[in-house]
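S.K.: Start counting at 1 in the sequence shown, then tack on 1459, and there's your number in this note's numbering.
Quick list of in silico lysine-lysine cross-link-like pairs, DSS-like style, CA-CA up to 30 Å: (1) K1578 x K1533; (2) K1578 x K1525; (3) K1578 x K1462; (4) K1578 x K1519; (5) K1570 x K1461; (6) K1653 x K1578; (7) K1582 x K1461; (8) K1525 x K1570; (9) K1480 x K1578; (10) K1462 x K1653; (11) K1461 x K1480; (12) K1583 x K1462; (13) K1480 x K1525; (14) K1525 x K1624; (15) K1525 x K1653; (16) K1525 x K1462; (17) K1581 x K1570; (18) K1533 x K1582; (19) K1462 x K1480.
Pair by pair, the computed Cβ-Cβ distance ranges are: (20) A1638 x L1505: 18 to 26 Å; (21) D1656 x E1536: 29 to 37 Å; (22) E1536 x D1641: 25 to 33 Å; (23) T1527 x K1570: 14 to 22 Å; (24) N1508 x D1656: 37 to 45 Å.
Source of the hints: derived by calculation from the structure; they are not laboratory data. Since this is a predicted model, take the numbers as computed values, not measurements. All C-beta atoms, glycine included, are put in the ideal place defined by N, C-alpha and C.
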Amino acid sequence: MKKVNIAIDGFSACGKSTTAKAMARELGYLYVDSGAMYRAVTLYFLDHNITLTNPREVQKALDNIKITFHVNPKTGETETFLNVLRVEEEIRTMRVTEHVSQVSALSPVRKAMVSQQQKFGKKKGVVMDGRDIGTVVFPDAALKIFMIADMNIRVERRQKELFEKNQLVDFEEVKANLARRDAIDSTREDSPLKQADDALIIDTTYLTLDEQIEEGLNLATSRILEQN
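Construct the complete structure from the given sequences, taking the supplied hints into account.
M.R.: Take a look at the structure:
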């Protein structure tokens, strides 16, 4: 059966990554976490004290960054590697979260990551989630999904996620971080977060994880059949 590319965009903590991973696993597709790529760049910038206002310094850093994804044979989960080092836990910390939107807003960073992301999708059969997948990375994707959820629900989900990683973060701190990231991501000049005109909305506010995955798979199955 002919494979297609699936683009999933939306705000932080709406369930994009979890849904995309599950959809890719069920469909036998490659899952690419575009957010993890920007987080990996942010981690590199922080660890190497890169000055974001220095274009030459930023470009030199980008030239030294290679991001790959590998499936953990024990868990079956796709994990992020930065210059051959596994960084899956490091890129999920609040330290990185607090800076990722500023780094992602830089045009050289976005151009470098979009170029890599588009290479992943050349052979089709990719489920990729992020903020500009349906509008910039895969504008011709067969299926585009835009996920939304109530802010307080998003905060609770992110707080729980951090707690499970042994990070205790105050509710208001998490809420402020999400609001700040929403504002930066939605108003940046290069590839802002916005719903593609032909994207289908999934509101996960009152959906269980299984329900949102099922809804995504139903949409994917219908779109794949249309393409074959």
